[in-house]
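Produce the complete structure using the sequences and hints provided.
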Amino acid sequence: MSRPVGSFCSSFPMLQRISGSSPRLREVPSSSCQSQPLQHIFLWRYSGSASFLRSIAARTADGRRSQCFSRHICRASSSATVLGEDTAKPTDTPAAEQDRAGVDASSDEELEYSMPEPAILDTRVPDLLASGKEDMSLADIEGVLPFQLDRFQAQAIVILLQGSSVVVSAPTGAGKTVIAEAATMAVLARGQRVVYTTPLKALSNQKLFEMRLRFGASRVGLQTGDATLNVDRDIVVMTTEILRNIMYRTEPGTEGVSQAQTRLADVGMIVLDEVHYLGDPSRGSVWEEVIINCPKHIQLCAMSATVANADALGGWIDEVHGKCKTVVTKFRPVPLSWQFCYQHEDKARLLPLLAKKGRALNPELQPPSGDSYMGVGWGRFDKLKSAQLQDEKAGEPQFPFSKPRWQRMPKTPDIVAAMHEQQMLPAIFFIFSRAACDDNATRLSVVDGVCLTSSEERELIGQEIARLRQEQPEAVKDTLVGPLLNGLASHHAGLLPGWKSLVEGLFQQGVLKVVFATETLAAGINMPARSTVISALSRRRDRGIAALSHNELLQMAGRAGRRGFDTQGYCVVLQSKFEDAEDAQGIIARGPEALQSQFSSGFGMVLNLLHTRPMEAARAFVQRSFDNYLGTKGTAKALEEIQLLEERGAALAAEADEAEALHSSAGDPMTRHEKAVGTLREETRALRLLTQQAVEERAEVAGRSLAALGIPRTVGLDLSADRMDMGQPLPALLVAEVDSLAAPELNFDQNQTRYLCLSSDNRLLQVRLEQIAAVMEGDLGGESGPAASTIMAVADAARMWNAGKGGAYYAPGTPTTAVLAARIAQPQYIALMEVSPEMEDALDAAEARVAVAKKEADKSRSAAAQRQSVRQDMRLRAKALAHQRRGQAMREALDKQQTSSWREFQAVASVLIAAGALEPDTYRATSLGEVARQVSGENELWLATALTHAALQDLAASQLAGVASALIAAESASRPAISAAYEPSQPVCHAIEALEADRERLYNLQLQAGVAQPLNVDLRLSGVVEAWAGGSTWDQIVMDCNLDDGDIARLLNRTMDLLKQIRHCDALPPGIRREARLAVKAMNRTPISDLIA
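For the sequence shown, full-length UniProt numbering puts the final residue at 1093, and the numbers step up evenly by one.
If you are wondering where the hints come from, they were derived from the structure by calculation, not from laboratory data.
Watch out, some of these pointers could steer you wrong.
Cβ pair distances, simulated, as ranges [stated by the list, open to error]:
#1 803 with 479: 41 to 47 Å
#2 647 with 540: 32 to 38 Å
#3 800 with 319: 38 to 44 Å
#4 800 with 164: 51 to 57 Å
#5 455 with 479: 19 to 25 Å
#6 318 with 360: 33 to 39 Å
Straight-line distance between alpha carbons at most 27 Å, and here's what the computed DSSO-like set of lysine-lysine pairs gives [to be verified]:
#7 357 with 330
#8 859 with 577
#9 347 with 577
#10 296 with 330
#11 296 with 133
#12 577 with 854
#13 296 with 325
For glycine and all other residues, C-beta sits at the position ideal for the given N, C-alpha and C.
As structure tokens, then:
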């Protein structure tokens, strides 16, 4: 029986607890787990009858597989623990960092596991394989599948049965995996093996389980950077980086004989799942290297999400590997309905986003036209009488978009209520902020009283939480336990994988009804829902805020619609502060983006290529890249299209100029608008002048403060380009007043005093007095004098100063300055120096005038846009600009495609030769080059240089871990506001300082050759890693560090990843390999030992 569920259900009577039975979970006996440790495999235990399981299997395939299971893994010391998972995407995509390294851990006995055989849901596939039939037909395969193949699936399977490779491009959830599984049957039947690659370790774990259920545990193995399992089996699941490394590795005792010729000799097919990762800027080159390196006898089954140029990908594989055909479909087994949600009075209103036919905007969401309304878009309405807005038939406002965007943003409780009322749950809410995910789940449960679970479901959730607390107490997020019991969850990279895995398992069972997740979930583990909700159509990236691409939006939307469960999937786009329904429709109508090559030559790739082939063969390899294929095949067509776009853009611009000339009278609304814009421009200019005066006044205060307190001194720097938009000041140590340390070619006022600073993010800065926003009493204590001398010496030696924002000049720090930068105080808030009250009043008055001028400009814009002729002029000009921009973008893309990949290869090789890693005559790797060839990272040559340095050879295990963390410079530690109570030990600091000369030399070699490879050194979190390796508890390091739990775990896991590489690198001295093994052993404890993805 259900009971009252709080204020939320009181306000919305239609929202009651979702009741219904869920299959019960059976405890996995501890004894079975203790005898067979499974640190990386999931065991799904289910107490339902065998006939029920078969009925589920009979109606599921690929995306249709039942989600009514609970997922666990076993550790040697416990009964069950939840498998961890990490997903990949630039602002919240740390899994890509871990998967990028691709450590081959096949020889690591500490990570060698076995596992008991799980029950097979359907025995027809093993029975067919046991029949001895070698040449399978489509009819044979269809005979063992518990469902009918879709047309595109059958088409792709036939291509593979005929011996060709295939590229399949289809929407998320369409059923691409069925093609790979069907082809696997045929390959196994003819006595060959299959390699199944995925881009993420989490997906490899998931695929392992699915293939074991389909083919039996005895046939399936796993190889990732964390673990190996039965790698000699018929089917081996691995990350793409592992396969790339196998193709580059050579057999012991051979001269350049690749393991691809031996380990892949009996492989008949390689499945490249999620092959659209080929377009990933940081990892895409791996997929190209695999395809080019792949032995000719192996078929490729490349499965991609929808991209615009799947045919080009298939054509390239056909050219560089062998016969390949392309299958493209837009078919979705569960139709997707696009909805738009906005706040209307006291509830959230859902309307179809698109018109009934095509991709046009739903007329109900289109702003009305005519002379009665002013302006363009939904912002045109101001204060209209309610009588004018009433729809006499419906009895509600006909045009609800009269309010500003922020007032139309729907409230989360109202969204959930509306979706529950229309039976659109369970749902995944995609929010581009970790904090917002946690906050929404917590507020919805605690403040709004939302509860979406029955008493039976709450009991089940409680049992799973208790099990997780027993197995992985660190993974339990206490602040999110209450929401979880109410059917609400948060899922993002800041949480430990154990908690995320619990959320995934409960959601797959249907127990959870709403999950608030970052966009990383869109590319992660299989977790379909009935609906997805898109909170915003833009997100923060490395270069600022940018709109979602069509592919990104469809990747998230594709989670909606569970095959075998739903007849309709829903993607709900929310009204946001900055985007309307028109923006959402525009992204959808734009269509999928093309797949772009990310092929690049790194130090590791060059060394591995030259290790297995001569220079001319290496050149042929590089010239077979997807980038070169696109450049040669598409040049003529692209140039023709660019010319047409530029000509059309020029014609439209001329037409717009003529139209504008017809409406240039003084009384014309456009003229009035231009006058108002001019006034706004002048008032803004006046405000900028006042702001500059305020900055100068603040500079005088700063100068007096420095004179009184003395130098060196901790200061706060304002490096913003716009003084009217200053952010939080950057902490720095000001060490000296200098005339000019900049290179002669930098042009600035030599009469203006500059100050030399070391910022907390390890940059040397030359700043003006105006850029000093705060002067604090703190410094480096007794170390200030030596620190200043050290910084001055480094600055004198700096050969390249770059112009930064706001007129500052900067040079990169060194390992020595990194030690000092790590000690600069990191206050939570830096108080700015005040200006005079008179200046404050003047600034307030100027800001008020700008606000009035802006309001007048907006009002005149609405009046100007009222006229149909002027609106037409504006559309013409916008269209012309769009054509010109598209032509320019295409020309830039074409220029990039035509850039010679071979010149980049030669430049990298020249650095290797100059650094002593490659012999200039024979192109053989030296001892340094062998280390660089065997390790993986962002800059293998820098890693090898550091790892072979004498200063690292005598470090203890924990100290080596601290240095390793400084060298990887994890993305989670790249933010300026990182702080931790733990400082690196003196041996770690001395080791990093000892690397400075080699790093400087390598930096100069790269600079001369035009090679842009990072030389990572970041000591800010080395103390945390050293403490963990030295025995500190999880609670201690979490309490004393301002990173999220998930970020700390990934930092430690990535450090272990490098340490494992050190251990297995036979080109390194035995001592450092021994300490690396001890460091891994010390660090590999809960909760890090529970991390798989």
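Outcome of the hint check:
| no. | hint | result |
| --- | --- | --- |
| 1 | 803 with 479: 41 to 47 Å | holds (45 Å) |
| 2 | 647 with 540: 32 to 38 Å | holds (37 Å) |
| 3 | 800 with 319: 38 to 44 Å | holds (42 Å) |
| 4 | 800 with 164: 51 to 57 Å | holds (52 Å) |
| 5 | 455 with 479: 19 to 25 Å | holds (23 Å) |
| 6 | 318 with 360: 33 to 39 Å | holds (37 Å) |
| 7 | 357 with 330 | holds (16 Å) |
| 8 | 859 with 577 | holds (20 Å) |
| 9 | 347 with 577 | holds (18 Å) |
| 10 | 296 with 330 | violated (30 Å) |
| 11 | 296 with 133 | holds (25 Å) |
| 12 | 577 with 854 | holds (19 Å) |
| 13 | 296 with 325 | holds (15 Å) |
Violated hint for the displayed structure: number 10, the only one.
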